[in-house]
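Trainee: This is what each chain is made of:
Protein chains: 4
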Amino acid sequence: MLVVMQATATQADIDRVCTAITEMGFQPLPMPGAQRTTVGLVGNDRRVDGSHIEALPGVSEIIYVSSPFKQVSREWRAENTIVTIAPGVSFGGTDVPVIAGPCSVENEKQILQAAQVVRAAGAVALRGGAFKPRSSPYSFQGLGKEGLELLKLAKAETGLAIVTEAMDDDGAQLCAEYADCIQIGARNMQNYSLLKTVGKLRKPVMLKRGMAATVQELLLSAEYILAEGNDQVILCERGVRTWDPSSRNMFDLNAIPAVQKLSHLPIIADPSHGTGVRDRVPPMARAAVAAGTDGLLIEVHPDPNRALSDGAQSLFPAQFTDLMRELGPIASAIGRRIAAL
Amino acid sequence: MLVVMQATATQADIDRVCTAITEMGFQPLPMPGAQRTTVGLVGNDRRVDGSHIEALPGVSEIIYVSSPFKQVSREWRAENTIVTIAPGVSFGGTDVPVIAGPCSVENEKQILQAAQVVRAAGAVALRGGAFKPRSSPYSFQGLGKEGLELLKLAKAETGLAIVTEAMDDDGAQLCAEYADCIQIGARNMQNYSLLKTVGKLRKPVMLKRGMAATVQELLLSAEYILAEGNDQVILCERGVRTWDPSSRNMFDLNAIPAVQKLSHLPIIADPSHGTGVRDRVPPMARAAVAAGTDGLLIEVHPDPNRALSDGAQSLFPAQFTDLMRELGPIASAIGRRIAAL
Amino acid sequence: MLVVMQATATQADIDRVCTAITEMGFQPLPMPGAQRTTVGLVGNDRRVDGSHIEALPGVSEIIYVSSPFKQVSREWRAENTIVTIAPGVSFGGTDVPVIAGPCSVENEKQILQAAQVVRAAGAVALRGGAFKPRSSPYSFQGLGKEGLELLKLAKAETGLAIVTEAMDDDGAQLCAEYADCIQIGARNMQNYSLLKTVGKLRKPVMLKRGMAATVQELLLSAEYILAEGNDQVILCERGVRTWDPSSRNMFDLNAIPAVQKLSHLPIIADPSHGTGVRDRVPPMARAAVAAGTDGLLIEVHPDPNRALSDGAQSLFPAQFTDLMRELGPIASAIGRRIAAL
Amino acid sequence: MLVVMQATATQADIDRVCTAITEMGFQPLPMPGAQRTTVGLVGNDRRVDGSHIEALPGVSEIIYVSSPFKQVSREWRAENTIVTIAPGVSFGGTDVPVIAGPCSVENEKQILQAAQVVRAAGAVALRGGAFKPRSSPYSFQGLGKEGLELLKLAKAETGLAIVTEAMDDDGAQLCAEYADCIQIGARNMQNYSLLKTVGKLRKPVMLKRGMAATVQELLLSAEYILAEGNDQVILCERGVRTWDPSSRNMFDLNAIPAVQKLSHLPIIADPSHGTGVRDRVPPMARAAVAAGTDGLLIEVHPDPNRALSDGAQSLFPAQFTDLMRELGPIASAIGRRIAAL
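Heads up: the protein sequence lines correspond to chains A, B, C and D, in order. First residue of the first sequence? That's 1 in the working numbering, and the numbers climb one at a time after it. First residue of the second sequence? That's 1001 in the working numbering, and the numbers climb one at a time after it. First residue of the third sequence? That's 2001 in the working numbering, and the numbers climb one at a time after it. First residue of the fourth sequence? That's 3001 in the working numbering, and the numbers climb one at a time after it.
Worth flagging that the hints you see were computed from the coordinates, not collected in a lab. Be a bit skeptical, because a hint or two may be false.
Stretches of chain D that chain C covers, calculated by requiring three or more beta carbons in the stretch to come under 8 Å of a beta carbon on chain C [claimed, not checked]:
id	segment
1	3006 to 3018
2	3145 to 3159
3	3211 to 3219
To list a few chain C residues with every Cβ distance to chain A over 12 Å, as calculated [stated by the list, open to error]:
id	residue
4	A2020
5	F2026
6	G2040
Everything numeric in this text was worked out from a predicted model, so none of it was measured. Glycine included, each C-beta is placed from N, C-alpha and C at the ideal position.
Work the whole structure out from these sequences, hints included.
Mentor: This is the structure:
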């Protein structure tokens, strides 16, 4: 923790800050500058709350220098964590697995078709929502447990691993039973009760970045899961909210190298939500691979024109097949490989 | 729903869109313009998902014109909803109630002192968190049920109504038992499972705006509560996230008249989170009253320098007393009154 | 400047940073912590660029602690600067002057009517654009010099001071000749050539905050003007850009106390651009006064329905008259007064 | 233009809107819906300002359906515009030219070294600022005309095309004389006087996206240049401002396909400003190519540790050489080629 004094602070002001730091059990270290003095605090500052020092006379600002996360950081573990959600489907290594499928599980025919289509094109896992968080209470909310049964069926038929979203404790228990990886959606990124629940479940978790969450907040939310003993966490960039209405979201590919530098956890990219528009999914999926993503999450629907949700951003089967063909050479160019079952 | 065609769209493109609208069970209404044609859809468009029309050749854009909320809107109910959380503590009328107290309940002495201080200065309700959503799992998480017991004690001693936050279903049940109004925090504004739970509890709910939630999303989240049969909802503006680090949040006072125009629900303002800095709380509290807020939520701590959380934005008792004195004449100037017990 | 080391940094890494700081001519001051070491730099750090230190092994982050502005800061001058644009029209003291008028000067009749209307209601200065920055090159761009002549005429008839915008060097010269205060618009807040030009003109300048400018950037742009020798600068909050489409802009009233703490320059508020909607102008104008604004800038048009620009946010004459009546008691409540000619 | 009525609007309200549209010279077309009526306006709506209709009783909202840009749009010209700034250096075709060099021209040795280094690695144009827009008036402002002379010298020695920034009219004239392409920086994207000036110069212009400019605003600013008769415009995505402090900017690669769909103008990407951190430049440069960028603008300095500006985001020569090697296969994967002299 650093206490930046005002240029006009008196020696008495500085002394008062030093006394306050001493009373907190740390050692103050004043650094006079030509413009102003800064007082450092020597000792472990992880849990120090300096807000009352901010109110002392002559204090301009408090700066915290400790990173607030711990187990998620590369300093805690230097090697990449490899998260394996099913045999052959691992995130964090050289291979880049692609998870694909519809926004929602709608019925047996739709999800089986979707599974076959994405399997044939090279995906290794199937996505599909049984519990859907919708802005409006009047929108389709998912098939619930029946949807999970259908996903299980799709797995049995295709061998694809299953990734599906949980919205509350009961849903998380069910997803843990039926699926290979529990998705926590953007709206629940800071639902700490739910994070603790999935932290206790010992099942791989895919944690999506909140609508306006900083990279640091994403990592802190992951820390909640690791703090409960579950380090099988895959992070996911899915676009964030900005002031530009030209896209549903702004796809922050920068977050990929940023997270990979700060954390040992794998991070994947969701260009479907990241852009919100079908035509931009292929270029952004390619860009994500070139940027070094550890996986992709892509919406594909057997018949997007009849999708119950997110139709406009779902790829047609043929588009997805073409895209998968393009991704291979790009992965090769940076020494990686699109994962295959 | 409006379908805006490209300037280069052919008559065949326009016909194809009209056919698609007809197939959806609505009547198409083409409006030729000098630049381009727009095709309107006549009929109830609340639940229409036009995303597959967006993909037809010659289509430039889809514009939705129906407002997605229903029971929360002024069109549904023209008169203000008055939410009474305790005898004499009503939001949505001429009176402006002030809720004040510490960020967290820390211990008996602290919460009782806080209650006495804010009661003496003119507050009509006490805030204080027993369950605290914290970005880091290693920060103080609140006293839990013990905190609720202490709030009940403070109510018994002072007569103040109690407002406290719930983070999950179990917490919501407990808060309903001990408190007068259940707060849903910014991070849980789109935790739809929790919204449904409090919608069923028939207890007043204070719903805080999410960190980066639009006014429309705030209203849609309230719609979840009303859709379950509970219309005792108070909305709360508490500052939102922007790109300017000069404040912890940007306090969007504009949201007050905006919500009051769109909805019959009361909206209050939280200048403590709205600014994040003690010195700015009084000017922004005054501004909120001048802007027509239906209530205030203010952090006051008997000894902010020793607060376990949010010390830097908590008012000292004397500051709060001064502020309460300033608010009266401002409320009078616009024909309102600071509520008194 | 502070150099935050990684938790895994070796003593050799720390030594290398200390050597680099010494080579830059400053004295390094290492502060070991339980988690990580921070190295302070003792000496004047105003112009230090530590970016190459950031690249040294073991370095996690560089933190700058010097404020980058100088002459605009309260540390440079503790007393408020009073900017007087015409006899009796001063910003920065107890009085709160109101500048009102149409977005653009359209013709003689319109501007004279506007001037009479706002004069009668109590404004002390007239606004009106002769040079208009418009997003589209095909929108009305203003009357140019003819507009300035009409403003001069309006001044002669009403005694109101004149505030009008300049967009380039030639325009600035003309405005200096015809008007009492030169406005620099939001889009030109970082047009440094223009800032230098008006810094040399020795005429009061009203500098509007850029669309997405931080408070610090606003002050740095003002610093450009002061650095040329002109300290007659009035800052103006006019709403900023965010992700919420429910308002044209988000009106950041928080910026008023924030600027007043950091700088001695007066800051006024423009609720017309700050909200973009006529109905929200009165509540936000009241809020600005309650928050302590040093002045108001309000769009009023004799016939908003026929305005060539910004009609939807211009007040009708009667609305403005009502608003002026409401503002007095609010100003009184905080010990100020709406300025009168 | 569409006028959305409130659900509670009466037939008289609708009639009043129809009359107002008729008075404006257009034909109204009411579309009754189950929820509410919408009134369309038939006829050319490019310049229609409906703000006074917004104020009529019963009106909920005005929606504009015409795109406000004209000459920059793909509807105006379907084929890509190819902008050739020097023989062999063309933007908008299959080839992807790379412009590289230091932030500022510092001295002869530095700029010649930089030119040789980037030439050897495969760049086809040299960037380097002679006029520098800096947030603080006390930062290095560039060498001015002397810098232009040095750029000319670098061109003579290496054959690289020259791209350099102009900040005002005089600078634009000089840049036109000395350089091959005039850059308009992010801070001047809405400096309309300067846009008009470069529109008249008939020299290629590279227009950088403003700090918080939407894609539509970027295109409208380009429209200012085309409206003066100059269609040699290259757009540039350089990162935008958001609420996440983890990066200097958020790099909006989504803007590349978005612009390419809306406009015939080429768009290039600047990953140096887009990320602000050296380590993220290579992954984001690769991502930009995979996303289909029409060119790259990259900061490279012969000795970044001693750079006078932007050192932390400038690549070392060896990093740039490595990056150029990686880009080729990625370009090939999507059927393009990194341009070579």
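Trainee: Are there three or more residues in the segment 3006 to 3018 of chain D whose C-beta lies within less than 8 Å of some C-beta in chain C?
Mentor: Coverage by chain C is violated here, the residue count being 0 at a Cβ distance below 8 Å.
Trainee: Is the Cβ of C/G2040 farther than 12 Å from every Cβ of chain A?
Mentor: 4 Å, violated
Trainee: Cut-off 8 Å, C-beta pairs, minimum 3 residues; does the coverage of the segment 3145 to 3159 of chain D by chain C stand?
Mentor: violated (count 0)
Trainee: Decide, holds or violated, for the assertion that all CB atoms of chain A are farther than 12 Å from the CB of C/F2026.
Mentor: C/F2026 not clear of chain A: closest Cβ-Cβ about 9 Å, inside 12 Å.
Trainee: Examine the segment 3211 to 3219 of chain D for residues whose CB is less than 8 Å from any CB of chain C, and state whether their number is three or more.
Mentor: Result for this restraint: holds, n = 3.
Trainee: Looking at C/A2020 again, its CB stays over 12 Å from all of chain A?
Mentor: 17 Å, holds
Against the hints set out earlier in the document, violations occur for numbers 1, 2, 5, 6.
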